[in-house]
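Asker: Note that the protein sequences, when read in sequence, are chains A and B. Using the working numbering, the first residue of the first sequence is number 1, and each one after it goes up by one. Using the working numbering, the first residue of the second sequence is number 471, and each one after it goes up by one.
Hints are computed from structural coordinates only; laboratory data are not their basis. Glycine is no exception: its CB is placed at the ideal position from the N, C-alpha and C atoms. Please note that the accuracy of each hint is not assured.
[To be verified] Label-pair ranges, simulated between beta-carbon atoms:
{"#": "1", "chain 1": "B", "residue 1": "L504", "chain 2": "A", "residue 2": "E386", "range": "32 to 38 Å"}
{"#": "2", "chain 1": "B", "residue 1": "T505", "chain 2": "A", "residue 2": "K91", "range": "17 to 23 Å"}
{"#": "3", "chain 1": "B", "residue 1": "G510", "chain 2": "A", "residue 2": "P77", "range": "18 to 24 Å"}
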Amino acid sequence: MGKTLYEKVWEAHEVRKLRSGQSQLFIDLHLLHEVTSPQAFGMLRDLGLKVRYPHRTFATVDHIVPTHDRTEPFQDPLAQSMLEALRQNTKEHGITFFDLGSGNQGIVHVIGPQLGLTQPGMTIACGDSHTSTHGAFGAVAFGIGTSQVRDVLATQTLAAQKLKVRRINVEGKLSPGVYAKDVILHIIRHLGVKGGLGYAYEYGGSAVEAMDMESRMTLCNMSIEGGARIGYVNPDETTFAYLEGRPFSPKGAEWEEAKRRWRSFASDPDAPYDDVVTFRAEEIPPTVTWGINPGQAVPIDGRVPLLEELPEEERPLAEEALAYMGLRPGQPIKGVPIQVAFIGSCTNARLSDLREVARFLKGHKVKKGVRALVVPGSEWVAKKAEEEGIAEVFREAGFEWRNPGCSMCLAMNPDRLQGDELAASSSNRNYKGRMGSPRGRTVLMSPLMVAAAAVAGEIADAREVFGIGR
Amino acid sequence: MLEKFTVIRGRAVPLRGEDIDTDRIIPARFMKVLTFEGLGQYLFYDERFDEKGNPKPHPLNDPRYQGASLLLVEAGFGSGSSREHAPQAIKRAGFKAIIGESFAEIFFGNATAIGLPCVTLAPEDLRALFQAVEADPSLEVEVDLLAKEVRFGGRVAPLALPEAAREALTQGLWDPIGELLEAGSLLDEFDRKLPYPRRSE
Numbered sequence: 001m002g003k004t005l006y007e008k009v010w011e012a013h014e015v016r017k018l019r020s021g022q023s024q025l026f027i028d029l030h031l032l033h034e035v036t037s038p039q040a041f042g043m044l045r046d047l048g049l050k051v052r053y054p055h056r057t058f059a060t061v062d063h064i065v066p067t068h069d070r071t072e073p074f075q076d077p078l079a080q081s082m083l084e085a086l087r088q089n090t091k092e093h094g095i096t097f098f099d100l101g102s103g104n105q106g107i108v109h110v111i112g113p114q115l116g117l118t119q120p121g122m123t124i125a126c127g128d129s130h131t132s133t134h135g136a137f138g139a140v141a142f143g144i145g146t147s148q149v150r151d152v153l154a155t156q157t158l159a160a161q162k163l164k165v166r167r168i169n170v171e172g173k174l175s176p177g178v179y180a181k182d183v184i185l186h187i188i189r190h191l192g193v194k195g196g197l198g199y200a201y202e203y204g205g206s207a208v209e210a211m212d213m214e215s216r217m218t219l220c221n222m223s224i225e226g227g228a229r230i231g232y233v234n235p236d237e238t239t240f241a242y243l244e245g246r247p248f249s250p251k252g253a254e255w256e257e258a259k260r261r262w263r264s265f266a267s268d269p270d271a272p273y274d275d276v277v278t279f280r281a282e283e284i285p286p287t288v289t290w291g292i293n294p295g296q297a298v299p300i301d302g303r304v305p306l307l308e309e310l311p312e313e314e315r316p317l318a319e320e321a322l323a324y325m326g327l328r329p330g331q332p333i334k335g336v337p338i339q340v341a342f343i344g345s346c347t348n349a350r351l352s353d354l355r356e357v358a359r360f361l362k363g364h365k366v367k368k369g370v371r372a373l374v375v376p377g378s379e380w381v382a383k384k385a386e387e388e389g390i391a392e393v394f395r396e397a398g399f400e401w402r403n404p405g406c407s408m409c410l411a412m413n414p415d416r417l418q419g420d421e422l423a424a425s426s427s428n429r430n431y432k433g434r435m436g437s438p439r440g441r442t443v444l445m446s447p448l449m450v451a452a453a454a455v456a457g458e459i460a461d462a463r464e465v466f467g468i469g470r
Numbered sequence: 471m472l473e474k475f476t477v478i479r480g481r482a483v484p485l486r487g488e489d490i491d492t493d494r495i496i497p498a499r500f501m502k503v504l505t506f507e508g509l510g511q512y513l514f515y516d517e518r519f520d521e522k523g524n525p526k527p528h529p530l531n532d533p534r535y536q537g538a539s540l541l542l543v544e545a546g547f548g549s550g551s552s553r554e555h556a557p558q559a560i561k562r563a564g565f566k567a568i569i570g571e572s573f574a575e576i577f578f579g580n581a582t583a584i585g586l587p588c589v590t591l592a593p594e595d596l597r598a599l600f601q602a603v604e605a606d607p608s609l610e611v612e613v614d615l616l617a618k619e620v621r622f623g624g625r626v627a628p629l630a631l632p633e634a635a636r637e638a639l640t641q642g643l644w645d646p647i648g649e650l651l652e653a654g655s656l657l658d659e660f661d662r663k664l665p666y667p668r669r670s671e
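Looking at chain B on its own, in the form it has when it is part of the complex (with noise of 0.2 Å):
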């Protein structure tokens, strides 16, 4: 049984940039992996450790931050490459639920298929969010996907998502594989029916 996600707290990270893209989560060179088992250790790599292995400032080595468990970024989060490495360092570092305006369509649905919940606030409510949140590392933030809301500080902001990626979430069906494998012998037709791609002569 897969779990059910409804409603995820923590304290947050606020990472600002737009059009944060996946090759900026985890650079390509750490992708030479057969699996995606310690990636969490590579998340924003060069964004947080010189060309000698030395922390910079970044939200993420701030100790502030440490222990985050939710991700706060702005529009266009994961964009570019299809790397689920991506997702998948960024839920082996720990985080539960990424917090946005907006995020790229491969992202997203990597992300929602491992059970990383992306959800989206309107403009005015994530610079609130960002704010609350840089004054106060403490502040507990609490993402609720069955009421959808994100609520601190006395605050509470209607939240975005698809609803078919809410409904996967919350029932624990976000992992589709079983779910398409019940198809059965109903592939095998479409198998039949649909002529590509021919053999090789």
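Okay, chain A solo, but in the shape it has when bound (with noise of 0.2 Å):
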């Protein structure tokens, strides 16, 4: 009988057995940043406890950097002081730190890939949920609590509980306009935003071998807004190519040794999963959200739902959601006005993103009265972009260009919503207050479409605003 990953990984990182009955697991590698890391030096010094193994722990400074001025000491103390006790422990402890200025700071989830720290068959934590997003790449990673990062530091192993496993297929070919934010929004969509619990995602079928990777980290990174923990694709030549020559992949001798080992983690063809579900690539369309949590979602020419179509478990929550959406059941979500547009966040702020934007953005204006920002995922990316004329076109269009962190995703800088202000965003939540101010409104939505919105002025179909595939 076959193994699946996630069943390889494990084994080859199980410790020992705890007396809870929990397993010991070894985490390869150990990212970390300034808003889930202070707390836990604390407790360590508490303990009077070293970092054990300092090479597998790497941080970097995104969740409360401004975008717009850096200059320091920045306006809010609070972030100052943040960034200040993250620079103290990681100096403190010899732990490799990714400052400001370094050209490689950026968003956690973005700065592991493009460096080649994140690598297949690899367990790898870090203090946030979107962890997950290191699974495009055949690692198990998922995100932690702040107690944890102690654990991590002190011992480079946690006390974990084994998942099931969840295989989820997408086969066929995407259509035109539709991309890796539009499948996993329609696979929430459609499993529930609890319906993750308890599994680890896998996923594969045609669809997801013929994504590159940048496409399958937007995937994997909201596994966890479909309740699971964990989401993988299995390691392919995709991934190899993308790893080759990265400044922490293996090298010469190294690297086709390496690629051996990471094939052999791949899951077998007979490994068997505690449920398959399988979707057909073609009948998913631009997908965007109209309520308060992600699996809230319709296709762009959908409707609101009405409250009697759903089942009746979800319409006290659909009833909370319209009421503070301020949108009327049955309504078209196309054509409903916006005031920001925001492209950045883990889920969708790589080059490739951005790429793909500038390609139809260019000659379009954003409509008055939008706030439109751009915020790149590491310094690597802004400069890249800025090399290829990405920028520019941005600039041209009348796009804020910021510099790399996390942003108006959950607003801990300066970015943030005003009143009751509605915004189109690439980034991975839509809850109440999400970006910042308590009555402020997001819908979700891949970066083309936020681009579009921003053009039109209202949700809108990117296919109709750019001429996509019609």
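Using the supplied hints, reconstruct the complex from the two chains, each of which is provided in its own coordinate frame.
Answerer: Put into structure tokens, the structure is as follows:
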């Protein structure tokens, strides 16, 4: 009987069983950022412990950094103190820190893959739920809390409980104007935001195999929004091609050996799954959210649901969502006015996202009255985008071109919605208050759909705005 | 020695709503802190207070539920962000346990690791508990992790809790750091055996 990648990686990293029945799991790569780590270092200090294997930990600053003026000290003294704490903690414990201006600062889930730190067959942990992103490489990668950050710092291990595995096949070919973001919103819409509780999601099928690495990252990134703590894609030639030559990738003779080892982690053809679900790629439309969680989504030419169309148990939340979003049941989602357009976040701030938008945005202008921001995922992405003329396309269209960080996705920096502004956003969460205003509203969509909304001044179909495939 | 959680008694606050995410439990702007101290005051801040800081109608602002030590929730509680600030805020606001229909994975792990048991009841039992508490906020509720049941108003409802978490909580092993450290040189073996990540050149 074959095994899944999840099972193989788990077995290779299980140090021993704990008295509670959980496993002690070794973590190959630990990523840190400024929000969820200071308390962990504090606990370490209180316990008189050291960082056990500092060479396995890498840090950057992303959540609180201003994306406009990054002169220090920041205007927000709390943000400044968090940056200082991370600088001090990484220095004291000998941890590599990609600071502002280092050329490698950026959103933690963007820089790991970009530097080649993220590799197949690894276990990866970070105090951030979107650590699932790294699963795109065939790694078992998951978000952890701060007490667990302490555990990893002190022992490079975690107490963990094995998950079930659901194979999600996406078969066929995606239509023009449809992206990985639409695929994952479609999956969550159908399987639900609680559908993945207790599962790891393994994505496969011809449409996933055809995706580039950055699309696979988008797909895995939002596994957590479907309730699954991890999501992954089996490593293949696409994975290896992406990793070759990156700063932390194996080199020379080690490269071939690494590929052999990485390949061996892929799920066996006869691996048993706890569940299998199949979607048809051709049936996936550009998808946008209408509510207050990522599962409350509809096709762009669809309508906000009528309460009576929904299963009874979903109605109270739908009612709450409609009231919060200021939408009427049955209303077409297309045409809802927007005030803000945001392209960024660990879901969609990679170079390929920006390239794809720029390709269509050229020659268009952001509608008057719309505040439009692009926040590249890393200093490297920003630099490449400048070199390739992508940044200029955005600027000419009327977007503000910002410095790298998490920005409006969770608004721990000065970028935030005001009052009940409605944002078209390429980020991952449309929760109440998520973008920094307790009444602010978020509609999730692909980066190209955000650009279309920015140009139209309302939620729009990118295929119509940019004349794609029609 | 860690506290052993066996029977937790108290009054309960009923908090209705499915898929309550950790952004709602504690909004991101309150995470600009270097310690978890004082987070209790920001629990459900945007649901409890308006933009001027005036209290809004909310079970946690309701005088009838003041001093309650059990939080009653529905399905999918704690979804979204991995912030430990969320269970920390709940614990620091004085709650000793959470009773619900289901919990998000990371939230559950975070809560367990700080000694905040999250137990689940069958939907019909949970419904009855909500109704009983809403009808009588002074009702005493007992969460018995040893007998694996929740008792209230003469009713006994079986509770579910993954066995590893139950063991950890009842045996005082819920903070695993001590046991993880015991692995000692076994850790060095794994560090040698697993070749990641390589040094940048």
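Asker: Name the hints, by number, that the structure is in violation of.
Answerer: none
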